Amino acid sequence: MRSLHHRLAALCATLGLALASCGSDPDLVVYCSLDQEFAEPLIREYQERSGLDIRVEYDVEANKNVGLALRVREEVARPRCDVFWSNEFAMVVALAEDGLLEAYESPSAASLPAEMKDPDHRWHGFAARGRVFIVNTNLVDPGQIDSWDDLLDPRHAGKVAMARPLAGTTLTHMAALHEVLPPGEARRFLESVDRLSREGRLNLANGNAHVMRLVSEGQCAFGWTDTDDFHVALEKGAPVQAVYPDQGGIGTMLIPNTICIPAGAPRTEAARRFIDWALSEEVEARLAASRSAQIPVRPSVARPAHVKAPGEFQPMRYDLRTVGLSIRARAAEFQELFLK
Amino acid sequence: MSRGLVAFAALAFAFVALGPIAAMASRVDVADLAALDLARGAGLLWRTAQLGLGAAAIALLVGAPMGWLLARAQLVGAQALRALVLVPLLLPPLVLAMACMGWTSWRGGLATAAIMGVGTYPLVALYVARAAERIDGRRSDAARLAGGLAAMARVEWELVRPVALASAGFAFAFAVNDFAVVDYVSSLGPKYPVYADDIFASWRSGNDTSKAVASAWPLVALTLLVVVPALLVVRRSPLFSYEGDFRPPSRVELGAWRWPLSILAWAVVGATALAPLLRLAFEAGGGARGFEPATLGRSLVAALANGRPNLQASLLHAVGAACLCVPVALVLGHALARSRRWLVFGTALVVLPLCVPPILFGVGNLALWNRPETAALYDSAWMAVLLQAGRYAPLFVLGVAAATAATDQRIEDSARLAGAGPARTLCGIVAPLLASPLAGGAMVVFVFALRELDAAILVPAANGTALFRLYNAVHFGRDEMVAALALWICFFVLLPGAVWSLHSRRNMGALP
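Residue numbers (the working numbering), protein chains in the order written: chain P, 1 to 340; chain V, 1 to 512.
With the rest of the complex left out, here is chain V (with noise of 0.2 Å):
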């Protein structure tokens, strides 16, 4: 890969995803550092790391089996099930959190626990159903010769362990710099406050950038100590079984499991998906006051209608971000995979903008752009494409890393033996290449930059984003229209992927 390219890339990177993190870090007073109350803090941290492992951990059992039986077992209504599968990642997290609620009384760290595991295991299920793809078919095919279906099992399970870890880690990290869910959950009962709380507490009650962002570096510390050794993992894993001959996994018959193992896929993605849905619906149409299916069609009109500009502005932010990501994350995800010396250092500045806490990224992104050389970007909407990108970025460069790792080195030195520049064996070998995860990564990042609120809170351009209003109608007790332009969001997202499923006979790459 050319230097030029890399450097290019990483600058882009370090501008919009490190450069905000460095601008606020640059607001921190050391009087604060020196004054935070470490005593205090240990009891949140701990009690935030609980949460943390308790959804990551969730998220592993439910998201990791998942994953691969959808990418490797027929089950049946298999392609509903990798549409449907996605929803808890689609929802807003309090919205998941109002819509699960509203079917239990159940409340407390456990409970908040289970939300976020809920929320955060299709992103296991995505990035396992990837790496089980990338398994050669011959290994498989070895295993269950010699032992059977439980041997293969093992053997996959193995490579795609590694993947499986890393995106729990990922689950860590959104669980551990969350504050409003747990809030909201344990409104009722003993209350659980969290880390993330004592950072926003400062931030909002006292205007004060300085104090949060100093209190802020226990749980930055606390998310990369979980999540960067978790991607490591993935380096070492010996999933690179792609060779130049590389041969996909052929699909597991279950036979008489078949049943059984679909019926429990169903009973998962009923839970998750269908049950939140429902309920969304129920809102729509009235809620507890009386449920009439021409309410809920009143409230999806008068939705659509208030909030399509907002949908409009999310959907080109979301789009935006997930495009300006592609090129970035293709080039320096590749560069990552191939480089030694930089794997470490690289990873955990790569991850970073994921271990910040999302409203000091907002004012990061405040601090970095709203100057008078900036102003014209700062006052229009790329200033929200521009955090969205730089925020989720990380998971579109990761994926590609490790899809990279996956992929035989050969092919690329036989492009350069043969005469083609480093761009065109980027654009010419490697993209085709990785096609598939450049795709699943665009729409990671399209799927968070819609439901994302937190860090673009601040930010002018996302003043007028569907999440905003949503959020804003929670607050009036406007239940039909929050849910109605819930179901709506939810609509928007899966859009892409339903029409695809309708009218082609291939299946879609970047779905589980």
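Same shape as in the complex, but just chain P (with noise of 0.2 Å):
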């Protein structure tokens, strides 16, 4: 009995010891809703060149980026992390706005375009995904979709499929078309998708990867999905090209990274060195070599071919900051019309 005391006794110090251990303090503590997939090789490396301790903290898809967000919220009182790398702007230019973010003018963001800065510093968006159609080739012409209205032509019932605009950059389209369409278009466009979806000739899709894999499978001829999500369908051999909604009339909107400094964060210096490297033309151009084919926002940046620059299509034109301080009530409004 008492070897079995013992043992137990031993037991429990090597489990308590190996917890513990878990928790070692690092050189720089990263927030990064970019897709672990893609952004855990480009991090390794430059911990490497660095030799900074990095600990990395990803955002699981299902949370659209909103976990990351809230936990800088939540740390407010005691900041932990130095850097946040976010895979969209929406929730970056709350934080902002709120007075969560510190400013740092990054000597690699002088290339990037106006537009996709904070007159402020506080933050800088960079490498974006395009809001596209994936149009499964072996069940429509995609010669047939060219506009964000062609989710609801009676032709197509049952066989499209889009995110439900609750979260993620789905949310952040929903919320953009309610800034260039005339007013109250965009509200009658989602009371449609609403009606439809609740009819079953409308699929509402819980992602934009849930989305892909419809129209891969087959199961949809076509639906709204993000570039990156296209791009892992056409990897894979499915039958799919991507249509750029839009041309010629509001065009097709790109969504771009951001990254930011917390208000607080406990390792300021770090922090800048690694966003002057984040926002550097080599890593934007591997984000574009990479799966996730991210789109360049400087022309400047190599790309793959099949990865498209601002150039080649019309992107749409809007303001991040007035897109991303509309982004709650917007939501507050789609959750009572797609959640009774």
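No wet-lab data here; the hints were simulated from the structure. The reader is advised that the hints may include incorrect statements.
Distance ranges between label pairs, derived from CB positions [to be verified]:
no.: 1; chain 1: P; residue 1: G143; chain 2: V; residue 2: G287; range: 29 to 39 Å
no.: 2; chain 1: P; residue 1: S192; chain 2: V; residue 2: L278; range: 39 to 49 Å
no.: 3; chain 1: P; residue 1: G218; chain 2: V; residue 2: W259; range: 11 to 21 Å
no.: 4; chain 1: P; residue 1: G158; chain 2: V; residue 2: L38; range: 31 to 41 Å
Computed from a prediction, not measured in an experiment: that's the story for all the values here. Note that CB positions come from ideal geometry on N, CA and C, so glycine has one too.
With the hints as a guide, dock the two chains, each given alone in a separate frame, to form the complex.
In structure tokens:
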């Protein structure tokens, strides 16, 4: 019995030590909602180059970036994050407006287009994703689809999909439509989406990746998704093609990554060095060449042939800050519409 | 039981399980409570209740007979059935949904209820099996002598019914607090929004904790309304058949029914455990693009190589949570069972962490532990352990309480009269009597901690778990990787039981 007690005590001590040892103090803490698969190798490389011990904490896709933004808010009394690398901009704009970000004018940001930067240097946008239609070429001719309202076309009833606009890039996209379309038009569109989904004529998937899957597998003919999801489908050999909608109209929406330093970050110097590196043309080129095929916002950045430059298609013109500021009100509005 | 010991365990439980809820509740703005859209919420709540009741009914209908058969009858291949029946419980709900959807095009609310029921019926089977083993053999024998197998089944059902209903109550709690499975299953065809969806959307879309917490109370109330009465029924059940000279029930000879019932049990296990596992293996081997055994091998090797640190972290957190729960559950479960004054209030408090939407439980942990005084703890892996222990300790405490209620208090009284102190009585008398429920409870916590994602999503230490990696891989269409990692998770959870089965002649009491 005594021997058993000793063994149990040893087991508990080992477990305790193992658990405690998982929390050593790093040189830099990065909250990163850019997909782990793409960010991990890049950041590991920077870690080796800089010699810094970097702890990266990722978000899960289901959170749509909000988990980390919420943590930045919750940890305001004791900030532990030095750099927040977000895969979109709306939540970062909200953090900036609430005074939760620190200004930093990175030299690497000099070449970024003006619309991709906060005038007060609290955040910078780079490497964007496009909101495109993924089309299954076995089921429909991509030439038939060219605008956002093709989703409502009765010819495609039951065979179209989009993610519910309650979070992520779809929420941001719908919020932007409210800014760029004539008053009331975006609202009417979403009411039609809600009605058609209740009638089973439009499928509301649980995310853009799911839309991609439904279209790739032929369960839907086309749907709205992000360019990174489209490229995953293409890489897997699915019979799909991307349509950049509304060329000649409102244009195709681009949603950039954003990077910022939370107010009170404990390791500011290392954070600034990291941001200089992340905003470099080299990183933007690497993201363009990765599986996610992010679209560089600087024309000078090298990119593979399959990644379009903003000059090769017409991007939607909208103000990141205005859309970011409207996001909470829009989210509440869409929630009332779609969750009842 | 010493008041000091109980106070210490209650304090530990309060800190780990109730503290996050209190921290979360303190964030609510009264204006958000007043602004609740009850008319819109009522529709969602009604749909949610239907889903929960459907899932609970399926879990009960499948789990109760299965648990009884596994505990009391000698089915063909019983040893394998005992291990395999747990598989749906081990799979993360979304992975189970994806595996099931791979076989069928059935969608909508009923399909969701069926998947949630399939995912939770092993819990009912587990508790019913434990209850069936505690029935005094003389009662069964008397019933059988008087009226044959049917009479015995009726008597035993009366005895295990409260436990079956209580565990179906847990199935209800899990079903109504889930939104990912519902959202996934109704991605094609008419949408099926539920109340948990609304809470998550409030939190996710607006970063608004106050609104999310305020909107959660009707769902918490609904869950408590179902779970607490179900648990109280257990306390009043006639299962207190343990006497000082308790005799375990003998195996039931099924006679001509042995083969048909075995085939039925295997069919259920085949559909709910083997089919999802086979689907995962199929996906890991290339799926619809062409299955190849070599691809399956490569996927498994790659998933293990990429996910090794994540699997290690998951196992460490789950083992830590299970170990941490053992002393708390032993003391608190025992005290709850022996108490009369605190029974209703105590049960409601104990079950509360399970009735709170998981994402809000995670937010509560953040609010409670992210302080300068507890910074070291917050940054360490202990944070994930505390969160998992807090969330799933209720299952363990209530299991121990039910088992304690079925033991003879006179044994403890005798020990006390003989001069044994409270700690010695607890360790030397109560703990050995409850060894099997303790092992079973620890296993339940281990399993749930291993597959937990929603509550842990925000905690830094949970960032490196296997579930975290798995869900991110889902997003990238890494079907092989997702399936292979899910298979590894299953393997690691089943491994202890499988080793035990291979090397021991005794049944593992923790299994059904």
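Tested hints:
1. P:G143 - V:G287: 29 to 39 Å: The hint (29 to 39 Å, Cβ to Cβ) holds, given that G143 (chain P) and G287 (chain V) are roughly 31 Å apart.
2. P:S192 - V:L278: 39 to 49 Å: 41 Å, holds
3. P:G218 - V:W259: 11 to 21 Å: 43 Å, violated
4. P:G158 - V:L38: 31 to 41 Å: 34 Å, holds
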